[in-house]
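A.B. asks: Whole structure, please, built from the sequences with the hints as guidance.
Oh and the sequence shown: position 192 is 192 in the working numbering, straight run, nothing missing.
Where hints are given, some of them may not hold.
What the hints assert, rightly or not - Below, a list of computed lysine-lysine pairs in the DSS-like style, where the Cα atoms sit at most 30 Å apart:
hint, residue 1, residue 2
1, Lys136, Lys181
2, Lys276, Lys83
3, Lys58, Lys157
4, Lys136, Lys157
5, Lys136, Lys172
6, Lys58, Lys103
7, Lys181, Lys198
8, Lys152, Lys136
9, Lys181, Lys58
10, Lys195, Lys179
What the hints assert, rightly or not - Listed next, with one range per pair, are the computed distances between beta-carbon atoms:
hint, residue 1, residue 2, range
11, Ser44, Asp107, 44 to 52 Å
12, Asn109, Arg84, 33 to 41 Å
13, Asp124, Lys267, 18 to 26 Å
In short, the hints are calculated from the structure, not lab data.
The structure presented is a predicted model; accordingly, all values stated were derived computationally and were not measured.
Cβ atoms here follow ideal geometry from the backbone N, Cα and C, with glycine treated the same way.
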Amino acid sequence: MPKTISKTIYSLLFLFCISLAIAPSAFSQDQQTTIPKTNLDFQSQFSRHLAQNLQEAKSEGCFVLYDLKRDRYIRYNSLHCQKRYIPASTFKIFNSLVALETKAIADENTVIPWNGVSNPSFPDWNQDQTMRTAFKRSVVWFYQDLARRVGKERMAKYIQAAGYGNQNIEDKIDTFWLKGKLRISPEEQIKFLVKLYKGDLPFSPAVINTVKDIMVIERQENYTLRGKTGWGINVDGLQNIGWYVGYVERDNNVYFYALNMTNQDPKFDMIPIRKKILFDTLRDLQLVD
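C.D. replies: The following block contains the structure:
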């Protein structure tokens with residue numbers, strides 16, 4: 001081989017290797033570390049603990065975290081994170097935005113009288129509600145009422161404008177996020193939440209700020225945690241589809257999270273198990289106390 005050609009090949013190989021070494025990752029591997037830690041074992045601790053929690057719950061699941069300042073992801077079970085599932089009550093975030101924007105309800109403190117249909121499993125539902133109480137208690141009848149007030153035409157318009165999930169609401173206006181064809185992936189949940197945080201959605205700043213406020217789960221001196229749960233039952237052959245989505249503000253940064261889990265036990269105790277898994281994960285990542 002001529003020396004000039006040989007030198008050229010070696011030079012190209014050298015430059016290629018250097019570019020791989022310094023280029024930022026354009027994709028995120030499962031469990032990729034993006035939050036700086038002094039403890040180098042935190043990544044494996046986070047993944048091991050999450051795997052253990054899911055195994056003990058006899059569930060499949062994934063977790064994705066997006067670090068806004070560093071534009072980096074951490075993922076556990078990334079293939080699961082790309083699959084679309086019924087949004088269930090996580091759709092209350094979007095439903096709240098649309099209802100306020102369209103004046104389907106005057107404001108977040110307006111009282112809607114209880115419809116009189118008793119739900120023994122959730123006694124807190126069996127009373128008059130405001131958007132604040134209904135969001136916190138995840139009251140289905142309240143948000144079904146709001147969706148009917150918004151109507152399918154306006155709902156479809158805003159879902160398409162926001163690019164929410166597969167944008168399919170071809171079912172009843174008051175059940176499409178519970179039993180209909182609307183689907184969204186954990187990855188898409190993160191993208192939607194980032195748009196919400198940045199105000200990059202087709203809603204007024206006042207409406208967006210109101211919904212951000214009702215999403216607050218916990219305020220501490222060093223962080224604020226926002227989020228919404230969801231629980232789909234008997235959809236797509238899955239007995240239970242659990243969600244916890246939201247974001248943590250701390251240390252002049254924002255961390256967006258989405259937990260999704262599936263389980264086939266009809267007696268599965270979703271509410272406490274889902275909460276434990278989320279908070280264990282956020283503590284392992286040192287985002288909450």
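A.B. asks: Could you work out which earlier hints the structure fails to respect and list their numbers in ascending sequence?
C.D. replies: 3, 6
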